[in-house]
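Asks: Sequence:
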Amino acid sequence: MKPCIRALWPLCFATLALAKPVKRDSPPNIDLDYGTFKGIADPVSHSWGYLGMPYAEAGRFEHAQLFSRKLEGIQDATHFGPACTQKSTGSILAANGTGDLGIGAAVGFIEEALYPLSPQSEDCLLINIQVPENTRPDAKLPIIMWIHGGGFEIGAPYAALGETLAAPGLAVNYRPAGLVQTAVETDQPIIVASISYRLNAFGFSASKEMEEAGLLNLGIEDQRVAMQWIKKHISKFGRDPDKLTIFGESAGSWSVSTHLLWDGGKQDLFRAAIAVSGGPVMVDGPERQQATFDRMVANCGCTDAADKIACLKKADHADISAAVNEEEYFLGASSLASTWTIRPDGKHLTDSPHRLAAQGKFAKVPLMIGDMRDEGTLFSLLTQLKVTTEKDFKDYFQSVWWPKASDEDMAGLMDLYPHDPTKGSPFGTGIFNNPTPNYKRVAALVGDFSFEAQRRNLLAHYPAPAWNYLTEVDVPSAGLLPNNPLTKLPILGSFHAFDVFFYMFANLPRQLSKNVDNRQATAISFVRTLDPNNHGRDIPYWPQWTGKGRETYHFLESGPGVIRDDYRVEQMEYINAHPDSFLI
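Numbering (mature numbering (1 follows the signal peptide of the UniProt record, and there is no 0)), first residue to last: -19 to -1, 1 to 565.
Don't read these hints as lab results, they were simulated from the structure.
Some hints here could point you the wrong way.
Each computed DSS-like pair below joins lysine-lysine, with the alpha-carbon atoms no more than 27 Å apart [to be verified]:
1) Lys372 to Lys385
2) Lys247 to Lys367
3) Lys224 to Lys212
4) Lys121 to Lys247
5) Lys51 to Lys295
6) Lys247 to Lys213
7) Lys328 to Lys294
8) Lys19 to Lys217
9) Lys189 to Lys121
10) Lys212 to Lys247
11) Lys247 to Lys224
12) Lys121 to Lys289
13) Lys19 to Lys224
14) Lys375 to Lys385
15) Lys51 to Lys217
16) Lys345 to Lys212
17) Lys294 to Lys51
18) Lys345 to Lys121
19) Lys212 to Lys19
20) Lys289 to Lys328
21) Lys345 to Lys328
22) Lys404 to Lys529
23) Lys294 to Lys189
24) Lys217 to Lys121
25) Lys189 to Lys289
26) Lys328 to Lys367
27) Lys213 to Lys328
28) Lys328 to Lys189
29) Lys345 to Lys213
30) Lys372 to Lys404
31) Lys247 to Lys328
32) Lys529 to Lys345
33) Lys121 to Lys213
34) Lys385 to Lys212
35) Lys224 to Lys213
As the structure is a prediction and not an experimental result, all values here were calculated from the model.
Between the sequences and the hints, there should be enough to build the whole structure, so can you do that?
Replies: This is the structure we're talking about:
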């Protein structure tokens, strides 16, 4: 070796030493073009959080715009900001009136879990970024943008009870940092962004006035502005702006499906999507919410105003909130016949999402989608009290849910969802878990219409690679107990939202639950590689869904396997074959 090259060795080693990342106990300040933000270290998840940063500004009943106002000084990003204005929950869930221990316990759990968030504000368009500690600015990690659920009425990116960084010790919440932690521990690092968006009347009002003003689906538009913020700013956090996966559950999953259809599928904001319990919704036009809008207008003293929207913009926040709280609640007797939801706007959504889906007008991006086995039970706890006879069943669904359905439409549907508890939800539990005569029947129909049929409609027309799954809940035991009815949760079964609370965000330890480990591992692999199989786990291969094989990954505590997506085919085909009758 030449002496001159040998002489360069010390300099080379010195250069490498300087290039080695310097470990820090606290996150560095992040400079964006509108402000500097100070984050917080989370010693539990070994992540850094930049919380409650504004991503957009929007006046009441106005379109959101990227935040650009200059903020002086260092901004405190160590706590989640206020939640968007919520619908009150406690008064609706306070009494169940049945004396049934199982229902009382379940309702009590819901009421506690959904205790109103505080503080709340209309100024709430905030984003939280959670990254592995000591992430280099040039790391170019892939990112998930989490869109929370809550029926477009309630919720926040950290859920109802707080999150590790902001409220240590509280459980039953979304915990995005838990996903970051698992990704780092398995040498598959990712970044998680989570957002707030406007809810209920503030984000999803619909009427002829709102339609004419071009102000439908403001909450969906908020989410898209958040994606634009990520595209513009996320590289400062060590993330690749071209590797965004949008990820939502329930109303967040309905949102994800809507983004796949927005503007006919033309988009450059995200490269993949994860839809957990929710597909292209079957909705009527904005006129369906006219009466709700009119009641809000009257409550605010704007009925005689020449410009009702202008009047509402000046109304007291308390008056609008009072009107919101007078409406039916999605965990109440009206269930998922939603008071506020996505509506076709004639521009970005030229028709109901379910009809656009049947035309295949999707963004061509890889998709992971699936459901819980018993999606409808959570939303039927109070509905069952109104539906005790055959006539009650027909009248309830035809008046509250589907006023456009004919008597013939309803007769066909009722034949497919008979008064037989062995065919109801929780499925596979025989005559048990049926506290009132029609509970399991109602739960089966609510779950199939609101989630399962939507997913089937999407998969039948999806133009890009898709992976489908079904998740069942067992008593977590690290797989030591076999999969059998004795390990099922009573009354609720494998119920809606259990997977995001306890599996995806690791509120149950991975060491205790195989579903936690496997759901997280496959999702992280999908986000990083656009394929759920690159995770290093000793579990079966997850094939793509095809129309012929209907391949479905079945998550169980005893271990996952591959099954066919062929349960209740006739029922869901009937729902999807009536696109003009069964609309909410």
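Asks: Are the hints correct? Go through all of them and say.
Replies: Structure-based check of all given hints:
{"no.": "1", "hint": "Lys372 to Lys385", "result": "18 Å, holds"}
{"no.": "2", "hint": "Lys247 to Lys367", "result": "44 Å, violated"}
{"no.": "3", "hint": "Lys224 to Lys212", "result": "9 Å, holds"}
{"no.": "4", "hint": "Lys121 to Lys247", "result": "25 Å, holds"}
{"no.": "5", "hint": "Lys51 to Lys295", "result": "26 Å, holds"}
{"no.": "6", "hint": "Lys247 to Lys213", "result": "19 Å, holds"}
{"no.": "7", "hint": "Lys328 to Lys294", "result": "24 Å, holds"}
{"no.": "8", "hint": "Lys19 to Lys217", "result": "13 Å, holds"}
{"no.": "9", "hint": "Lys189 to Lys121", "result": "45 Å, violated"}
{"no.": "10", "hint": "Lys212 to Lys247", "result": "16 Å, holds"}
{"no.": "11", "hint": "Lys247 to Lys224", "result": "17 Å, holds"}
{"no.": "12", "hint": "Lys121 to Lys289", "result": "47 Å, violated"}
{"no.": "13", "hint": "Lys19 to Lys224", "result": "25 Å, holds"}
{"no.": "14", "hint": "Lys375 to Lys385", "result": "13 Å, holds"}
{"no.": "15", "hint": "Lys51 to Lys217", "result": "18 Å, holds"}
{"no.": "16", "hint": "Lys345 to Lys212", "result": "19 Å, holds"}
{"no.": "17", "hint": "Lys294 to Lys51", "result": "25 Å, holds"}
{"no.": "18", "hint": "Lys345 to Lys121", "result": "23 Å, holds"}
{"no.": "19", "hint": "Lys212 to Lys19", "result": "21 Å, holds"}
{"no.": "20", "hint": "Lys289 to Lys328", "result": "22 Å, holds"}
{"no.": "21", "hint": "Lys345 to Lys328", "result": "20 Å, holds"}
{"no.": "22", "hint": "Lys404 to Lys529", "result": "26 Å, holds"}
{"no.": "23", "hint": "Lys294 to Lys189", "result": "17 Å, holds"}
{"no.": "24", "hint": "Lys217 to Lys121", "result": "10 Å, holds"}
{"no.": "25", "hint": "Lys189 to Lys289", "result": "11 Å, holds"}
{"no.": "26", "hint": "Lys328 to Lys367", "result": "39 Å, violated"}
{"no.": "27", "hint": "Lys213 to Lys328", "result": "25 Å, holds"}
{"no.": "28", "hint": "Lys328 to Lys189", "result": "15 Å, holds"}
{"no.": "29", "hint": "Lys345 to Lys213", "result": "22 Å, holds"}
{"no.": "30", "hint": "Lys372 to Lys404", "result": "19 Å, holds"}
{"no.": "31", "hint": "Lys247 to Lys328", "result": "13 Å, holds"}
{"no.": "32", "hint": "Lys529 to Lys345", "result": "20 Å, holds"}
{"no.": "33", "hint": "Lys121 to Lys213", "result": "14 Å, holds"}
{"no.": "34", "hint": "Lys385 to Lys212", "result": "42 Å, violated"}
{"no.": "35", "hint": "Lys224 to Lys213", "result": "13 Å, holds"}
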